[in-house]
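Engineer: Now for the letters of each chain:
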Amino acid sequence: MKITPIFDRVVLLPKEADSKTASGIFLPTASQEKSQLGKVVAVGPGGMIDGKEVKMQVKVGQEVLYAKYSGTEFDFEGKKYIIIKQSDILAILE
Amino acid sequence: MKITPIFDRVVLLPKEADSKTASGIFLPTASQEKSQLGKVVAVGPGGMIDGKEVKMQVKVGQEVLYAKYSGTEFDFEGKKYIIIKQSDILAILE
Amino acid sequence: MKITPIFDRVVLLPKEADSKTASGIFLPTASQEKSQLGKVVAVGPGGMIDGKEVKMQVKVGQEVLYAKYSGTEFDFEGKKYIIIKQSDILAILE
Amino acid sequence: MKITPIFDRVVLLPKEADSKTASGIFLPTASQEKSQLGKVVAVGPGGMIDGKEVKMQVKVGQEVLYAKYSGTEFDFEGKKYIIIKQSDILAILE
Amino acid sequence: MKITPIFDRVVLLPKEADSKTASGIFLPTASQEKSQLGKVVAVGPGGMIDGKEVKMQVKVGQEVLYAKYSGTEFDFEGKKYIIIKQSDILAILE
Amino acid sequence: MKITPIFDRVVLLPKEADSKTASGIFLPTASQEKSQLGKVVAVGPGGMIDGKEVKMQVKVGQEVLYAKYSGTEFDFEGKKYIIIKQSDILAILE
Amino acid sequence: MKITPIFDRVVLLPKEADSKTASGIFLPTASQEKSQLGKVVAVGPGGMIDGKEVKMQVKVGQEVLYAKYSGTEFDFEGKKYIIIKQSDILAILE
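Chains as they are written, first to last, in the working numbering: chain A, 1 to 94; chain B, 1 to 94; chain C, 1 to 94; chain D, 1 to 94; chain E, 1 to 94; chain F, 1 to 94; chain G, 1 to 94.
Simulated from the structure, these hints should not be mistaken for lab results. Among the clues, some could well be false.
[Stated by the list, open to error] Heads up, simulated EDC-like pairs for lysine to aspartate or glutamate below, C-alpha to C-alpha not over 20 Å straight-line:
id: 1; chain 1: C; residue 1: Lys52; chain 2: B; residue 2: Asp50
id: 2; chain 1: G; residue 1: Lys2; chain 2: G; residue 2: Glu77
id: 3; chain 1: A; residue 1: Lys15; chain 2: A; residue 2: Glu94
id: 4; chain 1: E; residue 1: Lys15; chain 2: D; residue 2: Glu73
id: 5; chain 1: B; residue 1: Lys2; chain 2: C; residue 2: Glu63
id: 6; chain 1: G; residue 1: Lys52; chain 2: B; residue 2: Asp50
id: 7; chain 1: E; residue 1: Lys15; chain 2: D; residue 2: Asp75
id: 8; chain 1: E; residue 1: Lys39; chain 2: E; residue 2: Glu73
id: 9; chain 1: F; residue 1: Lys80; chain 2: F; residue 2: Glu94
id: 10; chain 1: G; residue 1: Lys52; chain 2: F; residue 2: Asp50
id: 11; chain 1: B; residue 1: Lys52; chain 2: D; residue 2: Asp50
id: 12; chain 1: E; residue 1: Lys39; chain 2: E; residue 2: Glu16
id: 13; chain 1: C; residue 1: Lys55; chain 2: B; residue 2: Glu94
id: 14; chain 1: E; residue 1: Lys80; chain 2: E; residue 2: Glu63
Just so we're clear, the structure is a prediction, and the values are computed from it rather than from any experiment.
Excised from the complex, chain A in its bound form (with noise of 0.2 Å):
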């Protein structure tokens, strides 16, 4: 896909299911829906942004965990994207 996000934008791609990692099983909360996963495939070029310098610190692959309802959905070839601000990931998986 050739999407640039805007300053400090990153595009993620949700993952439905739970996530397996080496060292366990990262599920986002059922119950209160508050977290979910999703594999970054999109980082924008960070920079003086609001009069401020932002770092990415994100890298495409990574398989990260933000909060649900954050950011923009769009859809590409069928599947649903999320664009959304680096400063609304919570955490890297590895």
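Position chains B, C, D, E, F and G against the provided structure of chain A, taking the given hints into account.
Structural biologist: Below, chains B, C, D, E, F and G alone, put in the same frame as chain A:
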């Protein structure tokens, strides 16, 4: 069209239908209608805005993804345009 | 009219009807009534405002697009004017 | 009246009726009642306010246009005054 | 009373009735009850507050006008006092 | 109690009844219940907080006046404490 | 668990029951349920966040008091965790 956006504003021509790019088809998410595709028609000069230096990162002719319901609408020669701040543009499509 | 806006404020004479420019006809979007056309009648001095340097970018006589419902109305010699901050002006028409 | 406004505050004597100036008649917009005319009665010292340098731009005796419903009312010798921040004054009439 | 306000706070003894000064009688506007008169009883030290230098401009013994409903009430020896930030004081009466 | 507040937070033991000081009796205003007395039990280190230098001005053992309903409650050994930001403390009593 | 919080975020394992420390027993206030105890499981790198330098002050293994309902929940290997900003942690227990 002779229109010069002030500060970091950008004039967009919203796209009603899907957007065929070299790499695939972008669609605003019909269900939730959160994102929208548009073509950049005019770009403000940027510069010192609210005490912060802003550089314009989009160019006339680019296709962009933006958050629906952001910006202000106007009519020119029978077509609907919107004028939004660059920071409300989410990504550039290529 | 002898009126000197303070700081970065601008006095506009709203245009009721369409605006014929060299390149075409601008119309505020009638359906949603979100934008409005006006003629610049007086411009404040700019300068240090809330601790930030502001340069005035509009001039008396220019036609501008502004967000409807922004600013404050007043009457002078039987005509309605509005006074708004320069940052509420969206674009200059030419 | 011996009243010293603090910081960038200004005491105004609101004008009930129209205001005849050399160039014409100003009227607050009766229909929407959004603006109001007043005479400057006392001016604060300005200076460092909330970490920002503020210079006073209005003088005692000037007629000004201000946003109605801004500021705080008080009575002195049977007359109603309002005390507002300079930044709530819209323009100086001459 | 031994009370030391923190930062830029000021302790006031509200005045119930009118305030006779050398130049005339001040009254809080009874109808709208927006302003209130009080006597300064204790003054905080000022200094760096929220990253900004604040100098105290009121002194113990002064009569001041302040916005009603600002600040926090307390009782001391059967009298009601309020403690407010200096920036909520509108003017000093003399 | 071994508790170290983070940043500019302070642990207080709220006082239920009146507070007899050398100069008189302080009472939270019973009618409006806006203020509250408490004893300082633990004080955070201060320092750079949200990009601003904060110096702690209260000490363990002091009696303070604070805005009721600010802060967060917890229980320790059967007693109720609250932990609040220093900026929510209004004054020190002596 | 291999999880790296971004910026100044911290992963906590909430404690359901009371917390016995060397000096006594901490309890979240059952009645109002405003505070919560948790154990630090992972700590972000800190650094420049929103244009301000943030130093991490909590360490893995510490018990902390935090404001309930702050942060975002997730499940890992059948346990519930929360991820919160360091500034939402109130105090460190020892």
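Engineer: Each hint: holds or not?
Structural biologist: Against the structure, the hints come out as follows:
1. A C-alpha spacing of about 7 Å is found between C:Lys52 and B:Asp50, which places the hinted pair at or below 20 Å, so the restraint holds.
2. In summary, the hint linking G:Lys2 to G:Glu77 is supported, as the alpha carbons are separated by about 12 Å, within the 20 Å threshold.
3. With a CA separation close to 15 Å, the supplied pair A:Lys15 and A:Glu94 stays within the 20 Å bound.
4. Restraint check for E:Lys15 and D:Glu73: satisfied, since their Cα atoms lie roughly 16 Å apart, inside the 20 Å limit.
5. Of the supplied pair hints, the one linking B:Lys2 and C:Glu63 holds, its CA atoms being roughly 11 Å apart against a limit of 20 Å.
6. Between the alpha carbons of G:Lys52 and B:Asp50 the distance comes to roughly 19 Å, so the proposed pair stays at or under 20 Å and holds.
7. The hinted pair formed by E:Lys15 and D:Asp75 meets the criterion: a straight-line CA distance of about 14 Å does not exceed 20 Å.
8. Distance check on the hinted pair: E:Lys39 and E:Glu73 sit about 14 Å apart at the alpha-carbon level, within 20 Å; holds.
9. Distance hint between F:Lys80 and F:Glu94 is unfulfilled; the C-alpha atoms sit about 23 Å from each other, more than 20 Å.
10. The suggested pairing of G:Lys52 with F:Asp50 holds, with an alpha-carbon distance near 7 Å, which does not exceed 20 Å.
11. The straight-line distance between the Cα atoms of B:Lys52 and D:Asp50 is roughly 19 Å, inside the 20 Å bound, and the hint therefore holds.
12. The hinted pair formed by E:Lys39 and E:Glu16 meets the criterion: a straight-line CA distance of about 11 Å does not exceed 20 Å.
13. At most 20 Å may separate the alpha-carbon atoms for a hinted pair to count; C:Lys55 and B:Glu94 exceed this at roughly 35 Å.
14. Restraint check for E:Lys80 and E:Glu63: the C-alpha separation of about 16 Å stays at or below 20 Å, so the hint holds.
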